[in-house]
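Asks: The primary structure of each chain is shown beneath.
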Amino acid sequence: MSQAAGGSDLVTDTLPPRTASRPGAPRPAVAIDRLGALIAALALIALLALPFVAFKPNRILSGKGVGFLEALPLAAALGGGLIIIAAAILALLRIRPWQRLGVASAALVALALLVGAVPVHLVPAGNALARVSPSSGFWLLLFAFAILFADATARLALGPLQRVAMLALALLVIGLILHSGLWDGLSVMREYAINADSFWQEGRSHLALAIGSLAAALVVGLPLGIACHRSATLQGILLPVLNIVQTIPSIAMYGLMMGPLALLVAALPVLSDFGIRGIGTAPAAIALFLYSLLPVVANTVVGLQSVPAQAVDAARGMGMTDKQRLFKVELPIALPVILTGVRIVLVQNIGLVTIAALIGGGGFGTYVFRGIGQAAIDFVLLGAAPTVALAFTAAILLDAAIDLLKGRRA
Amino acid sequence: MIEVDHISRYFGTVAAVDDVSLEVERGSITVLVGTSGSGKSTVLRMINRLIEPSSGAIRIDGRDTAGVPQEELRRGIGYAIQGHGLFPHWSVARNIATVPSLLGWEKARIARRVTELLELFELDPALYASKFPHQLSGGQQQRIGVARALAAEPAILLMDEPFGALDPIIRAKAQDDLLALQKRLGITIVLVTHDMEEALRLGDKIAVMDSGRLLQYASPQEILLRPAPGFVERLIGGPDRPLRLLSLGKVADLAEPGSAAGEPIAADASLRDALAILLWRRADSLSLAAADGQPPERVTLSAILQQAGRPA
Numbered sequence: 005m006s007q008a009a010g011g012s013d014l015v016t017d018t019l020p021p022r023t024a025s026r027p028g029a030p031r032p033a034v035a036i037d038r039l040g041a042l043i044a045a046l047a048l049i050a051l052l053a054l055p056f057v058a059f060k061p062n063r064i065l066s067g068k069g070v071g072f073l074e075a076l077p078l079a080a081a082l083g084g085g086l087i088i089i090a091a092a093i094l095a096l097l098r099i100r101p102w103q104r105l106g107v108a109s110a111a112l113v114a115l116a117l118l119v120g121a122v123p124v125h126l127v128p129a130g131n132a133l134a135r136v137s138p139s140s141g142f143w144l145l146l147f148a149f150a151i152l153f154a155d156a157t158a159r160l161a162l163g164p165l166q167r168v169a170m171l172a173l174a175l176l177v178i179g180l181i182l183h184s185g186l187w188d189g190l191s192v193m194r195e196y197a198i199n200a201d202s203f204w205q206e207g208r209s210h211l212a213l214a215i216g217s218l219a220a221a222l223v224v225g226l227p228l229g230i231a232c233h234r235s236a237t238l239q240g241i242l243l244p245v246l247n248i249v250q251t252i253p254s255i256a257m258y259g260l261m262m263g264p265l266a267l268l269v270a271a272l273p274v275l276s277d278f279g280i281r282g283i284g285t286a287p288a289a290i291a292l293f294l295y296s297l298l299p300v301v302a303n304t305v306v307g308l309q310s311v312p313a314q315a316v317d318a319a320r321g322m323g324m325t326d327k328q329r330l331f332k333v334e335l336p337i338a339l340p341v342i343l344t345g346v347r348i349v350l351v352q353n354i355g356l357v358t359i360a361a362l363i364g365g366g367g368f369g370t371y372v373f374r375g376i377g378q379a380a381i382d383f384v385l386l387g388a389a390p391t392v393a394l395a396f397t398a399a400i401l402l403d404a405a406i407d408l409l410k411g412r413r414a
Numbered sequence: 375m376i377e378v379d380h381i382s383r384y385f386g387t388v389a390a391v392d393d394v395s396l397e398v399e400r401g402s403i404t405v406l407v408g409t410s411g412s413g414k415s416t417v418l419r420m421i422n423r424l425i426e427p428s429s430g431a432i433r434i435d436g437r438d439t440a441g442v443p444q445e446e447l448r449r450g451i452g453y454a455i456q457g458h459g460l461f462p463h464w465s466v467a468r469n470i471a472t473v474p475s476l477l478g479w480e481k482a483r484i485a486r487r488v489t490e491l492l493e494l495f496e497l498d499p500a501l502y503a504s505k506f507p508h509q510l511s512g513g514q515q516q517r518i519g520v521a522r523a524l525a526a527e528p529a530i531l532l533m534d535e536p537f538g539a540l541d542p543i544i545r546a547k548a549q550d551d552l553l554a555l556q557k558r559l560g561i562t563i564v565l566v567t568h569d570m571e572e573a574l575r576l577g578d579k580i581a582v583m584d585s586g587r588l589l590q591y592a593s594p595q596e597i598l599l600r601p602a603p604g605f606v607e608r609l610i611g612g613p614d615r616p617l618r619l620l621s622l623g624k625v626a627d628l629a630e631p632g633s634a635a636g637e638p639i640a641a642d643a644s645l646r647d648a649l650a651i652l653l654w655r656r657a658d659s660l661s662l663a664a665a666d667g668q669p670p671e672r673v674t675l676s677a678i679l680q681q682a683g684r685p686a
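Residue numbers (this note's numbering), protein chains in the order written: chain A, 5 to 414; chain B, 375 to 686.
Keep in mind the hints are simulated off the structure, nothing from the lab. Some clues are possibly wrong.
What the hints assert, rightly or not - Once the Cα atoms are required to be at most 30 Å apart in a straight line, the calculated DSBU-like pairs of lysine-lysine come out as:
1. B/K505 - A/K327
2. A/K332 - B/K481
3. A/K327 - B/K547
4. B/K547 - B/K579
Predicted model only: the values in this text are computed from it and were never measured.
Full structure from sequences and hints, please.
Replies: Okay, here's the thing in structure tokens:
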């Protein structure tokens, strides 16, 4: 990167070309970062014009918005406000990526601390019914600085291990905040406190469904992909079919699973002893499995096609058997592409499992749908937030694994 | 000895190889040369049964290869191809160890062999063993490809356009290295190329192929002096034929007693080089670098010119 330019960052084009001016365009005297300008504008609007939190007399009633200044004790409001404004201004300027990362982290931590301080300030002692939830102002601030954070990490072009370390650090900070009880006054955490047992239960079944259906798709999809690679006919039939499966909307797919399964169980009652029914985990797992097949099969085919023809010729010419060639040469070379398919499937499944709750499949979607049914938005959040965190973690870990594999052989 | 006995190979109704017979002597270099689609690679690939002949037989030291299990046959024959075909996910050492591992050699023996080969190809084992193919230059990749083909000490080495991906300067060096290597190891090499220059330079014998048929199978001198009419004649009938002919002869062949002025020339230099020096010096004789105590020898311009023309 262009860090060698020393201290002249503010006036010269030292940043990567993505934000640099178009070639030939005159350079501004003071360089303003375009994305930073958007972030700063969002942050200021969120801070000054939007409600920071919503205050509700109880969990069902709709709340009224409370601005940043009223939501916090004066000292916290002023101090916190200054930090956020300073961060917005720094985002505007062209500073180095590491500095940008620092600014974003500071703003995000400040935001986390501030929102935790609101319930103590707003809810009168002894009132167990009143609820405080983050509102549009908070979410927009979170969004703005999360974008700044993501932008800074992208510009740093971190290596895979660094990205995993960053993820671990972020999870650690969130874990510490949760453990400290700082957010316990927030409505979503009070929902958690009531549902703590079932929360981890649903979490386990969420992961089991997402990973289990992926594992099944790998067991079936890898051999299918290998067969498709060898037979153009099979590929011509199977891939279009899987493509069509992929286009079926998830809700329709879950619905489609219920009828045949119910009939099957009616015909073979012994199946119900294994927990197979028209609704519940079984149809959800089958639907997720079907969705997972296309990325696994297609990426296996593409990965095998990417193996250099000369490497295959050399492997045969040196006397490898078909099996040795497959396991020693073709599959290892195809592995990064296959893992890309696994990443797609895992992230997709973690999201899709949420909808499986509709047919009683369990998982965090249970809270989402119960929340929608009760118009209790905090309940939706209790299901959505961990789902997003899981998908995000899976994506970063698998991306890092893929990059590590690729890096060794460039 | 490899005996190719009336082999043909049909793809559908098209004959890629049409009734080809030739014998490759032990310890020699045979070059199959022809345009693309001439069937030269198909002949090569039938020797290690990457392609099965439609008819005919191939015998190695009298043994019909059709009776040897494919993998066993291939592990006993070195195989090097254009663009090296190295495995991108394996280190140089592991690439070289491919066939010894398949044969189940002990680890220590494999490691010794890898080191030995890297040294043979002038690549420092400490530096190169753990590198990956993409970290090497084209010439180094090609050398590793040949080292890998030689790893299990095969008696026969098959090479399909091994230098096709190299630039001209590196290619000339690679050709010299191959000649030196063959002399040192005494192995039998069958090499495929589309480059007649390369064939003349490397081959003890040259098989010229076109449209699946073997047009002429002879020594380079024979091909230059008495090309088969038609395709072969057109292939080598360019204006530089006398020079090609001279590059096949050695100075020592025409040495006669006597002395000459100027820097002497090595006895194993080609006549073409000797001619070039004579022309440049505007001289008509050139002394040979004489061994101690031997009478002085020289080579004359007229003797060289005599050698360059069409035979009477």
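Asks: For each hint, tell me whether it holds in the structure or not.
Replies: For each hint, the structure was consulted:
no.: 1; hint: B/K505 - A/K327; in the structure: holds (26 Å)
no.: 2; hint: A/K332 - B/K481; in the structure: holds (18 Å)
no.: 3; hint: A/K327 - B/K547; in the structure: violated (38 Å)
no.: 4; hint: B/K547 - B/K579; in the structure: holds (21 Å)
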